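The hints should help you fit chain X onto chain U, whose structure is shown.
So the sequences go chain by chain: U and X.
Oh and the first sequence: position 333 is 333 in this note's numbering, straight run, nothing missing.
Oh and the second sequence: position 161 is 1161 in this note's numbering, straight run, nothing missing.
A few of these clues could be false.
Unchecked claim - Here are the simulated lysine-lysine pairs, DSS-like style, with alpha carbons at most 25 Å apart: (1) 144/U <-> 1159/X; (2) 144/U <-> 50/U; (3) 1145/X <-> 168/U; (4) 169/U <-> 1108/X; (5) 1145/X <-> 203/U.
Said to hold, decoys possible - Far from chain U, some chain X residues (derived; all Cβ distances over 10 Å): (6) 1061; (7) 1070; (8) 1081; (9) 1083; (10) 1104; (11) 1108; (12) 1137; (13) 1150; (14) 1155; (15) 1161; (16) 1162; (17) 1175; (18) 1179.
Stated by the list, open to error - Simulated restraints on C-beta separations: (19) 370/U <-> 1123/X: 43 to 53 Å; (20) 1049/X <-> 108/U: 50 to 60 Å; (21) 204/U <-> 1123/X: 35 to 45 Å; (22) 314/U <-> 1178/X: 34 to 44 Å; (23) 147/U <-> 1142/X: 20 to 30 Å.
Just so you know, the hints here were simulated from the structure itself, not pulled from any lab data.
Remember, it's a predicted structure, so these values are computed and weren't measured experimentally.
For glycine and all other residues, C-beta sits at the position ideal for the given N, C-alpha and C.
Listed below, chain by chain, are the residues.
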Amino acid sequence: MTGRNINFKHRVAVVGAGMTLFRSRMLETPQELAWLAAKQALDEAGLTLKDIDCVVIGSAPDAFDGVHMKGEYLAEGAGGIHKPTVRVFVGGATGVFVPIAAWWHVASGLCKRVLAVAEEKMSHAAKPHTQYVFRYIWDPIVEKPLNPNLIWIFAMEMHRYMHKCNVKKEDIALVSVKNKRNACGHPSAQLCMPNITVDDVLKSEVLVWPVQLYDISPTTDGAAALVLASEEEARRITDTPVWVKGIGWTLDTTHWTNRDLAYPEYVRRAAEMAYRMAGIDNPRKQIDVAEPYDPFDYKELHHMEGLGLAKKCEAPILTREGVTQRDGDLPINPSGGLLGVGNPIAAAGLMKVAEIFWQVRGEAGARQVKKPVYTGLAQAWGDLMQAGTVIVMGI
Amino acid sequence: MSGATKPLNPRGTKYEKVDFPVFEFPVVGKARYNYTTGQALGRFLAGLKEGKILGTYCAKCGRVFVPPRMYCSYCFREVDGWIEARDEGVVVTAVLSYISATRARLEKPVAVGVIKLDVPGRQFDDHFFPGLMHYICGASEDDVKSMRIFGARVKAKWKPPEQRTGSITDIECFEVVRP
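Looking at chain U on its own, in the form it has when it is part of the complex (with noise of 0.2 Å):
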């Protein structure tokens, strides 16, 4: 990995975000709130949609919101109209890989601010049920015939991840405690349960063993939003930019049966090239609070295992010990992540990235962390356990 050289041309700032609230059924259409997200973004960094010179959009499967091509549907809402617009889509691994790619357009000199904008709306695909949209991510010819449901891999995944590292269901409950929890701090979140415990997730409807309810976020609906700039505009438009301090996303194999899945091989690799980016040899020490991706429980501690934050099988034995709570030696998602305030799958991602963004200015209100944050971390997943999306932000 080493000897690769990293080569841009600017440095690259976020400086403002937005979000709408996260709900499952809003009244709004995908792209009303596309641009309740990016108006409140603009807003947040003092800019109008005539300042903007590119936008990225990011949104997941066309077939939640029943729309073909939901880049150019949603370009409007998103401020793209009459500039260069571009989707981006890797699955759950979206949310940010849109703001990776905003950083390529101001990282190449080819525009000086960008507005970044993802959207999900899962809720409409509601019949017979929104799994049922999740039919098409399946190898047709293997695994199709099987009549699978989506959940069936992620089971597959957890169990196999239990099995391997001695993990109890208890531990991994924990996690879903912790961000429902959290979640409340959180002014958008969707679940926000201040009283839920480990014996509410066990008892929960299981689903596909051992995947039960409260192991999974919800269907949500919801947008959010960046604006990033080249350094020289950033220090124009605030006093208090915050720098994307490295990016990288890489991709695995859709043959799935064939790998191990107790480790996360695609989040390793995207987190060593942003770590290489970022200067970060120890991230376990440099980063001060992450945002991984937890769209189930397990998740969250597999994620924190492939981005070096915790060693392999460690990350449930840290989450008993306190570590990973808000107050904690290493906050992980403190805004309540996607068990907590929601899941529209590429608005979750972007919420992520905004969720640091606030933390290292100190303007996460109550969901602040207790220790003092220079550098935060987001990622994202997506497919079958095949897309990695992660970025480092810091002071």
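Structure of chain X alone, referenced to chain U:
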């Protein structure tokens, strides 16, 4: 609470049960797909019809691919040939599904998992191996929940030859081999 609580204005309108206007559009007809099986999976499916599980291998890195592909995606070169896996292997992970593909509750849970297949004369570690997802039969709910099923030997239970169509479902399930 201390300090400002961003997002300052998380606008958006909550769902109110009483007045939630929806617009439902009719889907005319049913979209159906005719997927090509491709070269590698075409031969794999033809093999299933004959009761064989076929794979390919790369002589450069030694990987064995089941399901097969025509190229080694790691060395980015054509595979060196075909290989037959045994219809037996061990369970690397298994779960119990209590819901259908549409999330309806099932009366009885079904066991599914990933089977690491044996290939005569070759050894595989946990990091890359010939493997298939399939139903697992002959295991109790407790075998799966207690994780006893991990590492268990299983053998393909084939449909009778006249009922096979060249599909992954020509194997009904992988059945636990009781010693």
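For the pair we were handed, residue 144/U and residue 1159/X, check the Cα-Cα distance against 25 Å. At roughly 18 Å apart (the allowed maximum being 25 Å), residue 1159/X and residue 144/U satisfy the hint.
Can you confirm whether the C-alpha distance between residue 169/U and residue 1108/X stays at or below 25 Å? holds (22 Å)
Kindly confirm whether 20 to 30 Å is satisfied by the beta carbon distance between residue 147/U and residue 1142/X. About 24 Å separates the Cβ atoms of residue 147/U and residue 1142/X, which means 20 to 30 Å holds.
Given the hinted pair residue 1145/X and residue 168/U, is their Cα-Cα distance within 25 Å? Since the Cα atoms of residue 1145/X and residue 168/U sit roughly 11 Å apart, the hinted pair holds (cutoff 25 Å).
Just want to verify: residue 1061/X was marked as not at the interface with chain U; is every Cβ pair farther apart than 10 Å? holds (13 Å)
Least C-beta distance from residue 1070/X to chain U larger than 10 Å: holds (13 Å)
Is the straight-line distance between the alpha-carbon of residue 1145/X and that of residue 203/U 25 Å or less? At roughly 15 Å apart (the allowed maximum being 25 Å), residue 203/U and residue 1145/X satisfy the hint.
Should the hint that residue 370/U and residue 1123/X are 43 to 53 Å apart at their CB atoms be regarded as holding? holds (50 Å)
Could you let me know if the closest chain U CB is still more than 10 Å away from the CB of residue 1137/X? holds (13 Å)
Over 10 Å from every CB of chain U: does residue 1104/X meet that, or does the non-interface label fail? violated (7 Å)
Does the Cβ distance between residue 204/U and residue 1123/X fall inside 35 to 45 Å? Distance hint for residue 204/U, residue 1123/X holds at roughly 41 Å.
Does the alpha-carbon distance linking residue 144/U and residue 50/U stay inside the 25 Å limit? violated (47 Å)
Comparing the model with each earlier hint shows violations of hints 2, 10, 13; every other hint is respected.
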